[in-house]
Structures are given as C-alpha cells and as structure tokens.
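A.B. asks: Fit chain B to the given chain A structure using the hints.
Taken in order, these protein sequences are the chains called A and B. Residues in the first sequence are numbered consecutively from 128, following my numbering. Residues in the second sequence are numbered consecutively from 128, following my numbering.
Any given hint could be a false lead.
[As the list claims (entries may be wrong)] Here's a subset of chain B near chain A, in silico, CB distances under 8 Å, partners left out:
id, residue
1, Ser164
2, Tyr223
3, Cys226
4, Ala230
5, Asp235
6, Thr236
7, Leu237
8, Ser239
9, Asp243
10, Ala427
11, Phe430
12, Ser431
13, Asn432
14, Leu442
15, Gly446
Note that these hints are calculated values from the structure, not bench results. Don't be surprised by glycine CBs; every beta carbon is placed ideally from N, CA and C.
There are 2 protein chains.
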Amino acid sequence: MGRMTQSPRKRPTSFDVAHLAGVSQSTVSRALAGSPSITEATRNRVMAAAAELDYLVDERAARLRRGTTSTLAVVVLRRPEDTVRSANPFYQELLYSVCEAAATRQLDTLVSLQSDDGDLSGRYVEQGQADGLVVIGSPTNVRAWEYFHELEADTSYDSPDTIGHAAYWGTPHEDMRWVRADNATGGRLAVRHLTDAGYRSIAYAGSDGNVQQQFRERHEGYLAEMADRGLAPRMIAVDQDSSREDQGRAAADAVLAAGDVDAMFVACDRMALGVLDRLSGLGTNVPGDIGVVGFDGMGAGRFSNPPLSTIEPDLAAAGKMLVDAAIDGVAQADGVRVPVRYVARSSVRSE
Amino acid sequence: MGRMTQSPRKRPTSFDVAHLAGVSQSTVSRALAGSPSITEATRNRVMAAAAELDYLVDERAARLRRGTTSTLAVVVLRRPEDTVRSANPFYQELLYSVCEAAATRQLDTLVSLQSDDGDLSGRYVEQGQADGLVVIGSPTNVRAWEYFHELEADTSYDSPDTIGHAAYWGTPHEDMRWVRADNATGGRLAVRHLTDAGYRSIAYAGSDGNVQQQFRERHEGYLAEMADRGLAPRMIAVDQDSSREDQGRAAADAVLAAGDVDAMFVACDRMALGVLDRLSGLGTNVPGDIGVVGFDGMGAGRFSNPPLSTIEPDLAAAGKMLVDAAIDGVAQADGVRVPVRYVARSSVRSE
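If we strip away everything but chain A, and leave its shape as in the complex, we get (with noise of 0.2 Å):
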C-alpha cells in the first residue's frame, strides 16, 4: 500500500530509495549497476528499499543477473552503394518478418546494419547481448560471409551453449545454418503453371549462378521440370553488372530478337518487372504473345502491366524458421527451406 501515498504518476526516483535505504543516492546508482565496490549487505538494503516503492530498476543489470537477455541480434548486410529507396525490398520484408517472428516469441530484436567494407561483427551471443544471431545477406556480400564463417567455424567457444545459435539467409557457404525459399520447387512451379496454360517454348532468364546459388537453383528445377515434359530448355544470359530491371529489359529484348520463344520464367520479380516494362512498351500482348512468371512475390507485381504471376515465398514462415533455428539451437549445420507457391496473375494466360 506504500506506494499508494503518492501520486500514480510520481515514479519515485533514486533519492527516494536512498532515503529508505538509509545510504546515499551514489550508492544507489552503484548497487544497482551490480558495482564490485558495493558489499552484499548494502546491495541487498537497497534492493530491498527498491522493491518496496516500486522503483524501476536498471533492465540491463536485472537481464545481467538473470543471464538471459530476451533479445535476438540481427545483422543485415548491405551494398555500400544502396540507398533506403534503391535496395531490394525483399531485404526490408525479411528483416520485418524476422522482427515480427521475435515479437511473437516476446524477444525484442538488435539490429545492425553491416556493409562488406565496414567493421564486420557478429559475437553478440558471446558479448552476452543476444541469446541467438541471424544474419540476412546476399550471397555477393562475399567478405561479410567470410567473416561469419569463420565465427561460426570457429568453436574454441567459453560454453557449449552459444555453439549452433546463429541461423543464416543467403549465405553461399553450405555449411552454415541456412534458410533458403525451395527454389527449385519454384522453377518447377513456373514451369508447370506455364506448361499447363498452354506454352510450350519456355525460356529461363537469369543467370546460371556462380555467385547466386539461389538462381541456379531456381534453373536447376527449371530444367528439371522441363526435361520431365520432354521439352527444350532455353537460356537466356543477363549481364551481372546492370541493375535488375535493365537485366530484365535486355532479356526481353533477345526473346523478341530470337522471335520463338513463348514463355519467360524470370529468375526474380525485379527483372521480370523490367521484362514487362520493356514488352509493354514495345506493344508485345502479355500475355497473348508472351508468358511471364517471376520469383519473390513483390508487392509490386500487383500493379505492373501487366500484373505478374510470380513465385512466392512464405516470408512470415521464413522469418519463424530464422528465429527458431537461432534461438532454440541446433545441433549441426543443416539448411531448411521456406516453402514456395505459385501466384496467379495476369502475366500468363488463364490454364
């Protein structure tokens, strides 16, 4: 009933636990902090004064005491050159994914923004400020996931308990904990949903992925779905050095150039939002003349022109994968997919 005294909205204040306490505010403030120069008897008064009026103690000290800290680490790896409005929003919708999978589980997530040619670090659950880590990257970010290879290879850990706590999206190391969309699946899917509206003369646009693993993964269920329906794959290069929508725009260029093909399966929705930009622009009947299927499942496919069957994957799922194989641990370094579905849209013709 003590508090009761006061106004419910006068928080009482250091001085307020001193005076109870019978020690000085300065003690209080060191007590607290869980400072070395404060005894166990003069702590304990103080804990004391401050559970009877209620007073909010400092969380990190409490977290400190408890060894847990309710937290996640994220780290988030960029390009140097990519601005807020240039970077590829599937980052941003994975990142927010991820966030909201921690909230569900009451954890609060530590974000840090990493770029290649910046201060790499990544020991958050060995610093004590994190009880798992993910990293979110592009498999190019290339020194970045040196980097956390080798943090993770490196096991000379202080306690088993902060081994296998780190999951991983894009990383080209295969042994690492990764989460990766079932990209195969997804060229299959393509394939099928194209194959099944009629178009027989698919081709993929993309790369065939040194760096990508996750395009030449998207190609290999291509091929293999194709092979399956005794069809001829066609590959359609694009050059790695220009953006993703005039990647998109040259790819669509040589499908008219080469003037028999019927059907795009685009290796990720930006480009495919160059392809129709650039057939659209040009006149071509999509999806009359041409069938196009992306992968990613933008928002903004749902306003091109037309409005873009894509490949999607299950992001809320991905970003529960990511949390739970950071938080509850895992014994080795196995990968898991987020599953993938076919989303129809105007792009290709009614099956």
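C.D. replies: Structure of chain B alone, referenced to chain A:
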C-alpha cells in the same frame, strides 16, 4: 606477444583467464559480470589477466561500466491483423532508413514490434537499454500513442538525461517530438505540376483527416494551392473501412461518374495504385483523360500502368532526423518536417 604462442584461431577461455589470475573459473565469471561478491582487488587481477589474454569481455557488463549503450531503441507499432505481405511497405522502408541512419552513427538498433492490443513498453532509455527512442506508427494506433504520450508527459524521471531522447513518426499528439513529411508542400506541389500540365478540374481523393492528420495536411496544401490559382476544389471522400487499394478503386468510380474531373491528387500511393488499376481496367486513358498524382514514393509506382507520378518524402532524411532527435536530445517538443519532392512519371501529361 603472449597470444602468439597459441594458434590465432584458438580463442582464450575463461579457464585460461582463471589459470593466469590464480582464481577459479566461477570467480572469473562473477568478476567480469560485475558481481558484488567479488572484491575490487580480485576483480582487478581478473581484468588484468583477461586483457593479457585478449579475452572477450561480456559486452553488457562493459557497457554497464561505460554508462552508454551504443544502442537506439525503435518501437514499430503494427496492427494485429497485418502480415508482412499486407503491411504498408512504407513503414518497413522507414524502419530500414532508421536502422541505416543509426548505423551511420555506429549505433545498433533495438527493434520492438508492438500492437495496440498487446503489452506496450517504451522505458528503454530509463532502463539503460538504449540512449534514445524512436517510435514509428500510424495515427490509427490510438491506444499505443496514448501510452507513449503519457510516458513522455511522465517527467518525474530520475535524471534529466532521459528527458527528450525520443522522436515519433505518426503520432497524433502535437506536443510530442514528431517527425513528419512536409505534407502541405506536397499537396501544393501536386496541384502545381497538374496545373502546369494543363489540368484544371483537379479533385482530391482521400479523407480530410480526423484521424490521419497527414492526410489533412496534404488536403490543406491542395486547398491552398487551388485557391492561389483560382481553381475550385473537389473532395472525393473515401470509405475508411476498406483497403487503401479499394478506396482508390471507389474514388476512380466516383470520378468517372462525376464526368467533369480531369485530374486526381490521391492521398497516398496505395490508394493511387487502386485508382490506376480501376482506370486501366476500364480503358480510361491515363494521363490523356485523367492525370493522377499520389503521395509516398512507393517502389511499386515505378512499374504501375502507367507509372505513377508521386510526391516522395526523403526517406533517408526522415531516418536521420528521427535518430538525431532521439540521440542528441531535444529541449522541447517541436516537430520537424521531412522534405518532399515531385517525381514525374507518365500518369501526368508532360508539362
């Protein structure tokens, strides 16, 4: 040179530190965690051994001693019904922009997604978890904003250092430190570019903003510029209960039914994308018959049919303004405005 006697990949453990300091491993743990049961002399011996071995000190304990967190707390208010795919991408971009501005200042961000119907918390600075607080939400998160409003009004803090270290995007309370797009200028810019392109009967589609004061300000800018040019304003009010896209579709229907409107300034891009979707579906010539300008600078507008002219707030500036206000602190609750610019695309005739 001591550390060169072991492999560079083998990191020292707390047992190595204990051995060198001549104490038990548990003493090392407690000493480094700042436990009050360890004497100052023992702690100094352990710290010297840890430094000698380049042992990784618990970062929380180190920060506790330093008295700074190198962390910015970011609360994102969400609607419980939102999914990562359905949520307004603007907030995901703004979150990313805040993380980026924080990274520029060598700060990590402690991100917490919170809902109106969940437990709200914002005492990160007082609890020693962060040096400042940024809250991002929509004015429709009514209960959450009331919580943060009371939190800010609760000035009986222990230390004046914790006052003013917060900044807010989307608060409906004018006496909080808000950061907001220069909405009125945006409304004026839209009218200016539409009239320069020859449109005269320009309607505003949206609400006049009892809840969404960002919309009210955009409407006020529209009204002021229309008045300056001697043009009669028109309001196409939207039904607040449907999705933004459907609000836009309904606004397009209303404009076609009216028959004498030749341009629309639409309160936000998602609504404007719904307008374009309906108009292109009905074969209306945009920009020939009707010109359309949105507001937000959403990426999807680059690929819509036709690409959407829009008022784009400078998102990088928004993130920097929020971070600077929260970290540097502010003496009073003045708001600050994020600059906007007109992005010309083909939903408006050439001027």
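A.B. asks: Now, for every hint given, state plainly whether the structure supports it.
C.D. replies: Cross-check of the supplied hints:
1. At its closest, the beta carbon of Ser164(B) sits 6 Å from a beta carbon of chain A; the interface hint therefore holds under the 8 Å criterion.
2. Against a cut-off of 8 Å between C-beta atoms, the interface hint on Tyr223(B) holds, since the closest Cβ of chain A lies about 5 Å away.
3. Because the smallest distance between the Cβ of Cys226(B) and any Cβ of chain A comes to about 5 Å, under 8 Å, the interface hint for this residue holds.
4. Hint status for Ala230(B): holds, given a least beta-carbon distance of 4 Å to chain A, under 8 Å.
5. With its C-beta approaching chain A no nearer than about 5 Å, Asp235(B) sits inside the 8 Å limit, and its interface hint holds.
6. The interface hint given for Thr236(B) holds, since its Cβ lies 5 Å from the closest Cβ of chain A, which is under the 8 Å cut-off.
7. With 8 Å as the threshold, the beta carbon of Leu237(B) comes within range of chain A, its nearest partner Cβ sitting at about 5 Å, so the hint holds.
8. The criterion of a C-beta within 8 Å of any C-beta in chain A is met by Ser239(B), whose closest approach is roughly 5 Å, and the hint holds.
9. The beta carbon of Asp243(B) is not positioned within 8 Å of any beta carbon in chain A (closest approach about 14 Å), and the interface hint is therefore violated.
10. With its C-beta approaching chain A no nearer than about 4 Å, Ala427(B) sits inside the 8 Å limit, and its interface hint holds.
11. Look at Phe430(B): its Cβ gets to within about 4 Å of chain A, closer than 8 Å, so that hint holds up.
12. Hint status for Ser431(B): holds, given a least beta-carbon distance of 4 Å to chain A, under 8 Å.
13. Because the closest C-beta pair between Asn432(B) and chain A is about 3 Å apart, less than 8 Å, the hint holds.
14. With its C-beta approaching chain A no nearer than about 5 Å, Leu442(B) sits inside the 8 Å limit, and its interface hint holds.
15. Taken as an interface hint, Gly446(B) checks out: its beta carbon lies about 7 Å from the nearest beta carbon of chain A, inside 8 Å.
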